[in-house]
Amino acid sequence: MSQKKLLGITRRQLVRGLLATSAFGLTAKLGSACSPGNNATTAAGSADTAGGGEEAMTVGFIYVGPKDDFGYNQAHAEGAAAMVAAHSWITLVEEASVPETTAVAESMRSMIDIDGAKVLFPTSFGYFDPHILELAQEYPDVQFFHCGGLYQDGVHPENVGSYFGYIDETQYIAGIVAGLSSQTGKMGFIAAKPIPQVIRNINSFTLGARSVRPDATTQVIFTGNWAEPIKEAEAANSMADQGIDVITCHVDSPKVVMETAERRGIFCSGYHADQMSLAPNGYLTGAEWDWESVYTQLLADIQSGKSLMNGDIPHLLRGGLKEGFCKMSDYGPAVSEEAKAAAEEAKAGFMDGSLVIYKGELKSNTGATVVQAGQELKQQDPVLEQMDYLVEGVIGSIAS
Amino acid sequence: MVNLQNWRRPLESLVLSGGAILVGLLLFGIFCALVGANPFAVYASIWKAAFGQWSTFQNTLIRAAPLMLSFLCTALPARLGLVIIGNEGALVIGGLGAVLMGLMLSYGNLVPSPEQLAEPLGMSPLVIQIAMALAGMAAGGLWIMAVGALRHYRAVNETISSLLLNYIAIALLNHLVGGPIRDPASLNKPSSFSLAEAVMLGNIPGTRVHWGLLYGIIACIISYILIQRTTFGFSARVAGGNIRAARIAGLPVGKLTLIICFLAGSCAGLAGMVEVAAVQGSANESLNVGYGYGGILVAFAARHNPLAAILISLLVGGILASGGILQRTHNLPDATVLIFQGLIFLCVLYSDSLYGRFGIFKEKPMTAQPPAPPTTPGQEPVVIS
Numbered sequence: 417m418s419q420k421k422l423l424g425i426t427r428r429q430l431v432r433g434l435l436a437t438s439a440f441g442l443t444a445k446l447g448s449a450c451s452p453g454n455n456a457t458t459a460a461g462s463a464d465t466a467g468g469g470e471e472a473m474t475v476g477f478i479y480v481g482p483k484d485d486f487g488y489n490q491a492h493a494e495g496a497a498a499m500v501a502a503h504s505w506i507t508l509v510e511e512a513s514v515p516e517t518t519a520v521a522e523s524m525r526s527m528i529d530i531d532g533a534k535v536l537f538p539t540s541f542g543y544f545d546p547h548i549l550e551l552a553q554e555y556p557d558v559q560f561f562h563c564g565g566l567y568q569d570g571v572h573p574e575n576v577g578s579y580f581g582y583i584d585e586t587q588y589i590a591g592i593v594a595g596l597s598s599q600t601g602k603m604g605f606i607a608a609k610p611i612p613q614v615i616r617n618i619n620s621f622t623l624g625a626r627s628v629r630p631d632a633t634t635q636v637i638f639t640g641n642w643a644e645p646i647k648e649a650e651a652a653n654s655m656a657d658q659g660i661d662v663i664t665c666h667v668d669s670p671k672v673v674m675e676t677a678e679r680r681g682i683f684c685s686g687y688h689a690d691q692m693s694l695a696p697n698g699y700l701t702g703a704e705w706d707w708e709s710v711y712t713q714l715l716a717d718i719q720s721g722k723s724l725m726n727g728d729i730p731h732l733l734r735g736g737l738k739e740g741f742c743k744m745s746d747y748g749p750a751v752s753e754e755a756k757a758a759a760e761e762a763k764a765g766f767m768d769g770s771l772v773i774y775k776g777e778l779k780s781n782t783g784a785t786v787v788q789a790g791q792e793l794k795q796q797d798p799v800l801e802q803m804d805y806l807v808e809g810v811i812g813s814i815a816s
Numbered sequence: 193m194v195n196l197q198n199w200r201r202p203l204e205s206l207v208l209s210g211g212a213i214l215v216g217l218l219l220f221g222i223f224c225a226l227v228g229a230n231p232f233a234v235y236a237s238i239w240k241a242a243f244g245q246w247s248t249f250q251n252t253l254i255r256a257a258p259l260m261l262s263f264l265c266t267a268l269p270a271r272l273g274l275v276i277i278g279n280e281g282a283l284v285i286g287g288l289g290a291v292l293m294g295l296m297l298s299y300g301n302l303v304p305s306p307e308q309l310a311e312p313l314g315m316s317p318l319v320i321q322i323a324m325a326l327a328g329m330a331a332g333g334l335w336i337m338a339v340g341a342l343r344h345y346r347a348v349n350e351t352i353s354s355l356l357l358n359y360i361a362i363a364l365l366n367h368l369v370g371g372p373i374r375d376p377a378s379l380n381k382p383s384s385f386s387l388a389e390a391v392m393l394g395n396i397p398g399t400r401v402h403w404g405l406l407y408g409i410i411a412c413i414i415s416y417i418l419i420q421r422t423t424f425g426f427s428a429r430v431a432g433g434n435i436r437a438a439r440i441a442g443l444p445v446g447k448l449t450l451i452i453c454f455l456a457g458s459c460a461g462l463a464g465m466v467e468v469a470a471v472q473g474s475a476n477e478s479l480n481v482g483y484g485y486g487g488i489l490v491a492f493a494a495r496h497n498p499l500a501a502i503l504i505s506l507l508v509g510g511i512l513a514s515g516g517i518l519q520r521t522h523n524l525p526d527a528t529v530l531i532f533q534g535l536i537f538l539c540v541l542y543s544d545s546l547y548g549r550f551g552i553f554k555e556k557p558m559t560a561q562p563p564a565p566p567t568t569p570g571q572e573p574v575v576i577s
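So the protein lines, in turn, are chains A and B.
Taking the numbering used here, the leading residue of the first sequence gets 417, the next gets one more, and so forth.
Taking the numbering used here, the leading residue of the second sequence gets 193, the next gets one more, and so forth.
The following block holds chain A by itself, in its conformation from the complex (with noise of 0.2 Å):
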């Protein structure tokens, strides 16, 4: 009788509502996520019937997180929206915040089922072992293309195809421009877990960065997960206070460290997707991904009648700048004509080969040597993919 009530609702029942709406925000990995209005690309309903006798194809994508992240997913989403426009016989569906457990595995089930797709995009790391190789077993004329660069002949099914780009390349031109637009010579890398993928962006960024400015240092600061919004925006911030003034980073979704660093008036480099539009004073450049072109070529090959099954598409599918896997971001206003310069010679040298990132005699930040003097070793070489150190000149450590 004492207690207040709202629409019959007593204080306690509000509380528990209360308590379990909440829980509502964190199942978001549950089934989805919070984006607004992700409209931008299924404009293939309407482009599905095929022109001069083309046959008709559904193409799945499957995305971890949601498809206008600023970052992993939005690359991809990209990717399949311009492959669609260049394809007008394909049919894209789509589907965004699908995590890494058996709702990809039934995803991909019903996009074959249902809509009848026969090649698949499934994008995230984690689809790979057991999901994508578990379905592939189960619909053999089914191809299935994996981000990833996992796949081993001979042990994985043949309808299985693997692609990744050497992005470092671009990480590495990123690296010349912050060097030459950093007035204090310390750069911050803000990344997600110490694996090699990773580790290997933040050595080829500050190699780069060294390569024109020999003073320059990168402290690294791992916040442990692919998405971590709050610990991102702290790294920034503790960056630009200890007078680092270009930020760059590898997690999912970059937006918040891009935002971070524009409002603390300091400079940034982009990573996946372009992020220009985040920080419009001071995006230097960034190492994006292009889906585009490589998700275009590969639909022209299937359409031509190539497979993985036949063997007429390769299985493993890598590429850096020169194959079309990866580019700059446009160089923002802050970007010196010295450093357009110098950028420019450094992709022309990739394009031609003839620039080697990794070549003696070079140190970890521990000291030891850790390619001998006189060796180079190529973007393909399989060593660097097992990457374990921080190359001299970055500050911090991998030992979790």
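There's no promise every hint is true.
Looking from chain A toward chain B, a few residues come up when the C-beta cut is under 8 Å (computed) [stated by the list, open to error]:
1) Ala519
2) Ser523
3) Gln795
4) Pro798
5) Glu801
Source of the hints: derived by calculation from the structure; they are not laboratory data.
Glycine residues also receive a C-beta, built at the ideal position from the N, C-alpha and C atoms.
Assemble chain B onto chain A, guided by the hints.
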């Protein structure tokens, strides 16, 4: 008379919950119409994708299975009046414990050398599976029992401590798979060594649903019997209703708290074991995808009733299963499924406040007799008019 009392209350729950779901569906339809989709076509798609055919219904079952187990981690302590939301942590720790046990029994080492991998100890898979399940349950159980102990002996708020333990569990998982128990071959997705194919749980024959579903249903039924039909459950409900009265009556409140918390955690731990032994095959960050948090949702919507939770889990599983088709067929944003879930659950939670407000469900006052005491103290919502 007894019969009448027995049917009115369940009918009230049924009508109110069913009505709430209908209102939720209606609101969702309005939302769909607002964003430009035909609500009836959307309903039809949801039905088809979640329950329509056996093939798609399996999708629902797969998603519902982990929720049934992780739900109990919140629901059991709720009978004691504790609000525990450490499901995710207990699930992760349970999964971790199960993998460690599995590797130890398979290869005799958490980080097996190539020779050990080539020559497993050859223990029977069934023994290993049982040991893994026990390890998962023990690990998850102890994890939540610590919360109960902190509550009982040090009066630490159990909601906060269990929530914080989630973060510790996830950090522990990331640390272990990133360093001490990492399989060096798992370069870019740090994982523990994988369990051998032979010790994996596999699916229920003839389906693609793993055994976790059966474990979940059994655990829910056992919990229901334990809480509603045993002296132990009765003591727990008494302590949940009024802890001082329970103490005065001589009930061992401390022991009850610890045991219930252990059982709660062991259910979530079992969910973790199923996730590694039936789905992932190794411990890695994919263990932590929100099944624990989903369980909290189910617990509140099912009003902590284990039998209702089976149905609610199926409902949530169905909603999640239909998420894909909403994106693909109706071109709705991927957050739509969250909005759908949110509307349904807000309605269900609101319906909680309507209990006892409709005369038709009220038991007829018996003349010349004092009103009967509630049959299940501590369970029904407080109604003060």
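Do the hints match the structure? See the list:
no.: 1; hint: Ala519; result: holds (7 Å)
no.: 2; hint: Ser523; result: holds (5 Å)
no.: 3; hint: Gln795; result: violated (17 Å)
no.: 4; hint: Pro798; result: violated (11 Å)
no.: 5; hint: Glu801; result: holds (7 Å)
Checked against the numbered hints listed earlier, the structure breaks hints 3 and 4; every other hint is satisfied.
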